[in-house]
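Asker: Here the protein sequences line up with chains C and D, keeping their order.
Every letter in the first sequence is one number past the one before it in our numbering, and letter 467, counting from 1, is 467.
Every letter in the second sequence is one number past the one before it in our numbering, and letter 46, counting from 1, is 46.
It is worth saying that the hints were derived from the structure and are not from the lab.
A hint or two may mislead.
The list cannot tell twin chains apart, which means a pair is met if one copy fits it or any two copies do.
The calculated lysine to aspartate or glutamate pairs, modelled on EDC-like cross-linking and capped at a C-alpha distance of 20 Å, are [stated by the list, open to error]:
id	residue 1	residue 2
1	Lys-116	Asp-494
2	Lys-273	Glu-333
3	Lys-590	Glu-201
4	Lys-263	Glu-78
5	Lys-263	Glu-249
Just so it is clear, the structure is predicted and the values come from calculations on it, not from any experiment.
Protein chains: 2
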Amino acid sequence: MIRKYTFGTGIRTDAVTVPIPSSEGPVPYLEGNADHTQYRYPLSDADAVYGLGEAVRGINKRGWRYRSFCRDEANHLETTEAMYGAHNFLVVKGEQTFGLFFDYPGSIVYDVGCEKYDRMTITLPEPDYDLYVIDGASAREIIRQFRHMIGRSYIPPRWAFGYGQSRWGYKTAEDIREVIRMFDQNEMPLDSIYLDIDYMERYKDFTVDGAAFPDMEGLVKECGEQGIHLVPIIDAGIRIEKGYPVYEEGVAGGFFCKDAEGKDFIGAVWPGKVHFPDVLNREAAEWFGSRYAALLSLGIDGFWNDMNEPSIFYTEKRLEKTLRGISRYAGRELSLQEFWDILGSVSRLGGNEEDYENMYHNIDGEMVRHDKVHNLYGSYLTRAAAEFFRKWDPDRRFLLFSRASCIGMHRYGGVWMGDNKSWWSHILLNLQMLPSLNMCGFLFTGADIGGYGEDATEDLVLRWMELGIFTPLMRNHSALDTRRQEPYQFGRKDAFRRITELRYALLPYLYSEYVKAAVNDDMLFVPLGLEYEGDPRAAQAEDQMLVGESIMIAPVYRQNAQGRYVYLPERMKLVLFRGASEYKETMLEKGDHYIPIAPDEVAVFIRQGHILPLAPGGRRVSEVDCRALTLLVCEGSEDARYTLYWDDGYETDVENPDHSTVLSVRAEQQPGQER
Amino acid sequence: MIRKYTFGTGIRTDAVTVPIPSSEGPVPYLEGNADHTQYRYPLSDADAVYGLGEAVRGINKRGWRYRSFCRDEANHLETTEAMYGAHNFLVVKGEQTFGLFFDYPGSIVYDVGCEKYDRMTITLPEPDYDLYVIDGASAREIIRQFRHMIGRSYIPPRWAFGYGQSRWGYKTAEDIREVIRMFDQNEMPLDSIYLDIDYMERYKDFTVDGAAFPDMEGLVKECGEQGIHLVPIIDAGIRIEKGYPVYEEGVAGGFFCKDAEGKDFIGAVWPGKVHFPDVLNREAAEWFGSRYAALLSLGIDGFWNDMNEPSIFYTEKRLEKTLRGISRYAGRELSLQEFWDILGSVSRLGGNEEDYENMYHNIDGEMVRHDKVHNLYGSYLTRAAAEFFRKWDPDRRFLLFSRASCIGMHRYGGVWMGDNKSWWSHILLNLQMLPSLNMCGFLFTGADIGGYGEDATEDLVLRWMELGIFTPLMRNHSALDTRRQEPYQFGRKDAFRRITELRYALLPYLYSEYVKAAVNDDMLFVPLGLEYEGDPRAAQAEDQMLVGESIMIAPVYRQNAQGRYVYLPERMKLVLFRGASEYKETMLEKGDHYIPIAPDEVAVFIRQGHILPLAPGGRRVSEVDCRALTLLVCEGSEDARYTLYWDDGYETDVENPDHSTVLSVRAEQQPGQER
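Between the sequences and the hints, there should be enough to build the whole structure, so can you do that?
Answerer: Structure, rendered in structure tokens:
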């Protein structure tokens, strides 16, 4: 049951697609203050708190404070409060089990047992939001209700499940060809290459640098013939440059965000000074979305939207003021305090939230200050693109994912987990964010494998790949000036090849589970605590996870580890993979196990009564053959059945029953029988 | 066997006290380059690398690059290369097992399987050092040989093993009294309160702020009467202030480091502009050490030396140049590159290593550029203090520890692990650094419990305490403007009290093991891999550790965890403590175990054939009574014996056999018999 409590009449997030009538009376479970800006809930020792989407720390969010406010924050430390996404859904599971969703586009702070271990406090800046309180038979069921209310999750084309190679620093068409060549030479699977900001002319959206990429259309075609998709980045800011059509159109149409004086707001990001398209304005959003045509018409069918928190390196006004302030110190004796003041003023130039208070949207004719609706920006920008893609080709799925997001955007695209680091702890964070994001509707997601910032080592990238083969978005991405980390850069090429091939062998399963999760409003990555409800040990499992209905994974995320402990909440079959066709099966009893897992091995645990179908692999998603599946099962699960979903990889009619086939081991063992 | 290879004739670290004659011929094990500035060693899959003292990552250092160059670096991330200490001893254990010590006071980079997983590369800037290559029957034995060569580790007075409370921000005598009052009110053990820079007059070393601490001598006495020691901080920089005696004496005596022009080098740190005492100069060091008399004469008997890398916030020259550079940009249009340049120039103001190239020491009349001998600075500063303490009272041990260090300083004082953070990952890092530091001679060490930077939560501090009760230095310390984290700030006061009392109950054991480790050149914290040599699983244990001869610990360092996995390399007895006198004993077989450990419990594992003596506890170290010990043993270990070391807590004659008593369980069970 979902109850909705409405406070104020301000702007909502448009997350909810199945309207719920407002309830009267006090909000259940929570103790609210008089002006409806704060709620408290006493946490008992056994309570766990799931959700909040993109956030640091564990699957159980208890023990820290989190802030919903999209931020360009590349240091995902334990104490980081706000990340790129703002996801206001959580489930308390314990003495009482219930879900909460705050439909509000501004900043919210969740203190989940941080200030006091036995208290959750949720604080909003103003009483102007809808609060949904969800009851259900279980946490999982509450999540399903919520997901149903917010509408079906985005489903990408199948090729987007292939391995993607990315790096900030592929500067020319020749660089792209070289990457493909190296993958081919090493017989490593590859489906897409991502173009970071390098491909643009002076970082101008919807342009191509003609010197570095003299024939982008030809290159797209050339790659396409090899089965490789090019996926360009689109940034939020539009460079201020006379004669640049997007800029000129935006100014002429009044499509840019305004400042307090009604002039087009100016920020500085990669292109230098920019205006931000006012994607919260219907007309401007439509216009911005339509600009993607410039690249779609070159044959491109996938995009990633970046910098759309929006990130602002600085605003001219603040920079001017800061530099003027600093100039006053030059040539004279400074106190330590004055020195700190200088450092402080410089450090406050970038990502200064006060800048958002000088930025305005035109929403249905009303000027709305940006900070009040901040979390919608990246979402609406991505939605603008998605809505245009539907016009461009309504019968085709496009790849689209975003850095900033809020709930609602899950219907239009995926998210990547932002600018992480080449840290072992970020492998675990990658794992732990998956279910939280799934709960909030984001099924298409993954982290930058190998880490975006800082230097990666071979063993880190290999272990990270061993998790990455299970995430819908499987992309190796790294920043300029960090160590190169394409799998062919390392010594153990064979291990990288075999692990990537395993992804392709798992694709029929992963793709089926993905589409089923989307269609059934379910999670793809399920914490053990949400599946094995009566098992207190399962609730503690922070580094293992169910992936779909049939398997559990338990990645190794510690350097130099040759194995790890795994808790089996039921009898399972361990399949220790060294590649798509090389694996060892062992039945294991419910309970605790230490599993040796060599650096080039992946442990998969198959659940009793379930089937893991395995394809022969391939070097492109298009090569994955569903007609020759091996079905892996536990001993004693010979009656198991599995519903395989397989379409043409692009079509939008995902509920067409023709796409589903029921597999069973017996059928497989008796060829000639109908499956 | 230790072989020494000498290159060049430059300054050494004075780490070695047992001289070794130089060998001729090629350096064994390593492949060196022609000019003796780089060594390589091929790492086999089974090789582990131990050592390097204060450094990030695991006990096994394999998989990253580390730099020996003392740095004021408060972000102990996975990718941090240099920390406060510079410790050039490591042991390769695997196909071949050997130790390496580079006696060199400048920067060294250790690539331990980072660039290539199967290669270690060690790079020095110049061929001017002694390299010691150590062979032995085992890694442990190699470590003992090394430790013997570098001389006996520092032993603090016994009270320094008590619980210490610290915080940057105890600003007045009244603040100190309030802390003591709160500990007393809550019946929490306490032996010392640390004074951070707040106590000084304008951050001037060897002064006391008369307004905030109107009668320091009286306060020291007042605290002393309650059994509490006050432990003031001493920083490296001496404030430039006319009339300040230390400044005036330093200038007059020529005791400060010089710049390239021969003037006293100027840096800015907490006091504002400072000169740095030239502690590498014998006379200057003696003078600096003698200044501690100002505080010793107030009754103070413990110090911590900070900022002695030396940390430099900025130098005037660089600041001037930077501000002048920035001023040029004011009032005009900036490119993004110019913006980055401004940010870069400001970020390079602090901790800029180029500043060290303009700083000089007078070593026996020769002007030596600081960067060449950088790692000696903090060590020699601390040594200067220690040598003066010996003059002040040769028969008494004083508490002394330092932030910066290099091997050699271990004879004069301990180290704390520097400015860490309130991160769960830093509990594990705390554990993992212990054996590495022990190997390098640093036995008296510990991390800032609860974390120095950022906000701590109650559960974090409690779990961290549960490790901290085993570290010789047990100090809760936090930074200004972070959340208060004294144990009495939290709800579960009873748990904090019981855990701290357990420390006092363990003191007879911890103190005995500490002194024995010092006397026998042994480690106090021993990785399982160094004790159970034939056991590959023991070699993998990165989050458990032997503490002394009798016990293994396995702290919980994950938020919300109610237990953890533990590997038992032999049959052991689990003692699950809830306090000094409340515990549950269970025999466990060799192998893997999941151990439930509630948030207020500490798991200790007693080894077969060994005794863990347990005192009744107490609220001061001076109250700990060794006459009423409970002896815990495994079943079947009734013949075990334990050598208890107990002196008056101050005396220097630690080898006096009267301080040792052999305990046995049988004796205890038959009262009246002589022990």
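Asker: It remains to establish, for every hint, whether it holds in the given structure.
Answerer: Taking the hints in turn, this is what the structure says about them:
1. Taking CA atoms no more than 20 Å apart as the test, Lys-116 paired with Asp-494 passes between copies only; the shortest distance there is 16 Å, against 50 Å inside one copy.
2. With identical chains, the CA atoms of Lys-273 and Glu-333 are at most 20 Å apart between copies only, with a shortest distance of 10 Å across copies and 34 Å within one.
3. Within a single copy, Lys-590 and Glu-201 get their C-alpha atoms no closer than 58 Å, and across copies no closer than 65 Å, so neither meets the 20 Å cut-off.
4. Taking identical chains as interchangeable, the C-alpha atoms of Lys-263 and Glu-78 are never at most 20 Å apart, the minima being 40 Å within one chain and 45 Å between chains.
5. When the C-alpha separation of Lys-263 and Glu-249 is checked against a cutoff of 20 Å, the pair qualifies only within one copy, where the shortest distance is 15 Å, while the shortest distance between copies is 63 Å.
Of the numbered hints listed earlier, those contradicted by the structure are 3 and 4.
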